[in-house]
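Participant: Residue numbers (the numbering used here), protein chains in the order written: chain Y, 297 to 610; chain V, 297 to 610.
Don't take every hint at face value.
[To be verified] Pairs of lysine to any residue residues, derived as SDA-like cross-links and limited to a Cα-Cα distance of at most 25 Å, are as follows:
id	chain 1	residue 1	chain 2	residue 2
1	Y	Lys450	Y	Thr390
2	V	Lys591	Y	His595
3	V	Lys493	V	Ser475
4	Y	Lys493	V	Arg553
5	V	Lys591	Y	Arg485
6	Y	Lys591	V	Asn551
7	V	Lys591	Y	His502
8	Y	Lys591	V	Thr512
9	Y	Lys591	V	Val598
10	V	Lys591	Y	Arg588
11	V	Lys591	Y	Arg584
12	Y	Lys450	Y	Gly491
13	V	Lys404	V	Glu456
14	V	Lys591	Y	Val598
15	Y	Lys493	V	Gln521
16	V	Lys591	Y	Tyr481
17	Y	Lys591	V	Arg553
18	Y	Lys591	V	Thr511
19	Y	Lys380	Y	Pro313
20	Y	Lys591	V	Leu385
21	V	Lys591	Y	Lys380
22	V	Lys591	Y	Asn551
23	Y	Lys493	Y	Ser543
24	Y	Lys493	Y	Asp421
25	Y	Lys493	V	Leu520
26	V	Lys591	Y	Gly491
27	Y	Lys591	V	Ser475
28	Y	Lys380	V	Arg553
No wet-lab data here; the hints were simulated from the structure.
Just so we're clear, the structure is a prediction, and the values are computed from it rather than from any experiment.
Number of protein chains: 2
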Amino acid sequence: MSLLVVGSIALDSVATPFGQTADAPGGSAVFFSAAGAILHTPIRIVGVVGSDYPWGALKALEARGVDLTGVERAAGESFRWKAKYSYDLSTRETLETRLGVFADFHPKLPPHFRDARFLFLGNIDPELQLGVLDQVTSPTLVACDTMNYWIQSKRDLLLELLRHIDILMVNDSEARELSGDWNIYRAARWILGHGPKMTVIKQGEHGALLVSDATTFKVPAYPLQEVFDPTGAGDAFAGGFMAHLASTEDLSPPNLRRAMVYGAAMGSFAVERFGVQGFDAVTPADVRARVRAFKELVHFDVVDGTGAASGRGP
Amino acid sequence: MSLLVVGSIALDSVATPFGQTADAPGGSAVFFSAAGAILHTPIRIVGVVGSDYPWGALKALEARGVDLTGVERAAGESFRWKAKYSYDLSTRETLETRLGVFADFHPKLPPHFRDARFLFLGNIDPELQLGVLDQVTSPTLVACDTMNYWIQSKRDLLLELLRHIDILMVNDSEARELSGDWNIYRAARWILGHGPKMTVIKQGEHGALLVSDATTFKVPAYPLQEVFDPTGAGDAFAGGFMAHLASTEDLSPPNLRRAMVYGAAMGSFAVERFGVQGFDAVTPADVRARVRAFKELVHFDVVDGTGAASGRGP
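For reference, chain Y alone in the conformation it holds in the complex:
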C-alpha cells in the first residue's frame, strides 16, 4: 500500500554528552522515511530543501526506496535546527531555529502521490497539514504529529484537523498541553473525544501508549545501556509504525499492537546512533530480532486458579 509522509527536511546541529553533529541531514520526513523504508517501499516524501542541501543524502534515501518526486528545491537556505541535550539526555535546549525556505513552504503533491492510502502528517503548521489532507483522494489511514508551538498558536486549526484524522501521535507533554490534563490516560480520552479513533502517546525513555475506545496498549522503550542521540526517535517510531501497517495492509487491533512494537524498535535504533544515517545499516532481520526482544522484555504467563497458564512465550 502506498505510504506518504509530509514533514520537515532539515539540517541538524546537535550536541550530546557523547558527540555532536553539524548540519547533518535530519527532519521529521527524513527520519520517518529512513526508518520506514526498512519495512516498506516506496515511501513517498513531500517537503522542501534549500539550494544548500546536500542532495546526495536524499539520493541515498532514494536508493533505499524513497520516492523524492515530492521534494521541492527552492532558492535559499535549508531549514536548520540546533540543539543541546542535558548530560542524561532527558531534556534538550533548542539553541537556534532558522526556517529558511521552510517559511514559505506550501506542500504540493505530485499527481501520482494523491492516491496515497497511508498518510503521515509530520509536525508542520496544521494549516499546511489540512492542505495536504485536501490533496489526498481517499486515504485509508491518516496519522498526524504536532507540537506545543502549534497547540498554542493555531489551536483552532489543530482542532479542525483532529476531526479529519485517524491517529494523533504526540509526546506526553504535547498530549497534556493539548488536553489541559496532566493525567495521560485522561488526556488520551480527551483526544479521542475530539475526532481521532486512536492516539499514540510517545513517552521517550518510557515507551509509548496506544489508546482507543476499546483498548490501551503499552510498549516500553527498549533497554539500552548506551544512548547517543534522541533526535528523530519519535519520527523513526512513526516511520516504523506506519510502514508496518502499510506493508501488512492490516488495521486489526493485534496488528496495530505489532505496529507499536515496530515503531518502538525503530525508535531504539534511532537513539543508538547519531543522526539518520545509522539506519543505512539496519536490516529487516535486525528489526525482527528486536521485535522478538521486546516480546521477551514484557512477556509473562497468567496462571489462573486451576494452575493452567494462558499466554505462551516466543
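Put chain V on the given structure of chain Y with help from the hints.
Facilitator: Chain V only, in chain Y's frame:
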C-alpha cells in the same frame, strides 16, 4: 512458606490535590503487610510503635492474617511522617519527620520468626537490616529496600548488606545515586556486580524493572485515570511481589515475572486509595483480574517471516 517483613510502622499525614490524611496508619511494614496479606498468610511483621499508636489499626491487620508478635510497644511517640505532593503527584516534599520510638529501635525477632524463609528488609538503617539478617537462620530469599539517606550516610554498611541479599528493590533515583550512573540499565548492572542476584527498580508511574544476569523484564504501571495518593505504592509493590513468591514457593524466572505483575497490581491498588485501609476491600479475585488486565495491556503476537504467530493472548 513463612514471610517476614521488618520496617517502619508510622503515622502519616499526607496532602495531595485530592485530600489529606492526619496521623493515618502507614509505614513500610504496614503497607507491605496490608498488600501481601491478600495473597499470603501469615505475614510476620517486626517493628516498633509508641504508646500513642492506634492499636486497633494493627489488630485489623491481624484479623487479615498478619502476625503481630514482633511488634514492640515502646513508651514514647510513634514515628510520624508528614508530606505534600505536587499537583500532578510526580514529586513530594517531606514536611516533617519525627522518629520518636523509631530512633532507638533494635529489631528483635521472636523465636518462632527466626525460621522465616522469605524476608523483606524494609527501608531502615542498613545496620539494623544486617542485624535482622543475623537473626534469621536460613532464608530462601532476602529482598531489601533502602533510600538516599542511607546511601549517603551509611554507604559502607549498605555495600556490606548487598553481599548478603538476593534482591535489591529500590526506586530509579536510588539506583542512580547508589551506582553513580544515570542510565538505569547500567545502574542495574552495577548493583548485580555488588552482590544481589537480581534487582527490582521501581519507576513510579512508569512501572518497574526486574534485572538479573540472564534477563530484563519490564512491567508498566497500570493505566489509571484517577490517582489519589502515591504513598506506600513501593511497599505495596514489595508486599505483592514477596507474597506471590512465598505463596507459590516458586523462584523460577517465569514466576519471578508473575511476581512483578502481582507487585504492580498491588501498587496500583495503593495509589487508587488514600492510606493503607483501602486494601481491606481488595480481594484475591480483584488482584487476579488486575493481573489479567496487565496481560492485556502489554500483550502482542510476534509474526515471523512465515506468517505464523508465536505467543498467544489471554
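Participant: All hints are to be evaluated individually against the structure, with a verdict given for each.
Facilitator: A quick look at each hint next to the structure:
no., hint, in the structure
1, Lys450(Y) / Thr390(Y), "21 Å, holds"
2, Lys591(V) / His595(Y), "8 Å, holds"
3, Lys493(V) / Ser475(V), "16 Å, holds"
4, Lys493(Y) / Arg553(V), "33 Å, violated"
5, Lys591(V) / Arg485(Y), "21 Å, holds"
6, Lys591(Y) / Asn551(V), "17 Å, holds"
7, Lys591(V) / His502(Y), "18 Å, holds"
8, Lys591(Y) / Thr512(V), "11 Å, holds"
9, Lys591(Y) / Val598(V), "7 Å, holds"
10, Lys591(V) / Arg588(Y), "17 Å, holds"
11, Lys591(V) / Arg584(Y), "22 Å, holds"
12, Lys450(Y) / Gly491(Y), "17 Å, holds"
13, Lys404(V) / Glu456(V), "20 Å, holds"
14, Lys591(V) / Val598(Y), "7 Å, holds"
15, Lys493(Y) / Gln521(V), "19 Å, holds"
16, Lys591(V) / Tyr481(Y), "18 Å, holds"
17, Lys591(Y) / Arg553(V), "13 Å, holds"
18, Lys591(Y) / Thr511(V), "12 Å, holds"
19, Lys380(Y) / Pro313(Y), "9 Å, holds"
20, Lys591(Y) / Leu385(V), "31 Å, violated"
21, Lys591(V) / Lys380(Y), "39 Å, violated"
22, Lys591(V) / Asn551(Y), "17 Å, holds"
23, Lys493(Y) / Ser543(Y), "21 Å, holds"
24, Lys493(Y) / Asp421(Y), "22 Å, holds"
25, Lys493(Y) / Leu520(V), "20 Å, holds"
26, Lys591(V) / Gly491(Y), "28 Å, violated"
27, Lys591(Y) / Ser475(V), "28 Å, violated"
28, Lys380(Y) / Arg553(V), "38 Å, violated"
In the structure shown, a violation is registered for the earlier hints numbered 4, 20, 21, 26, 27 and 28, in ascending order.
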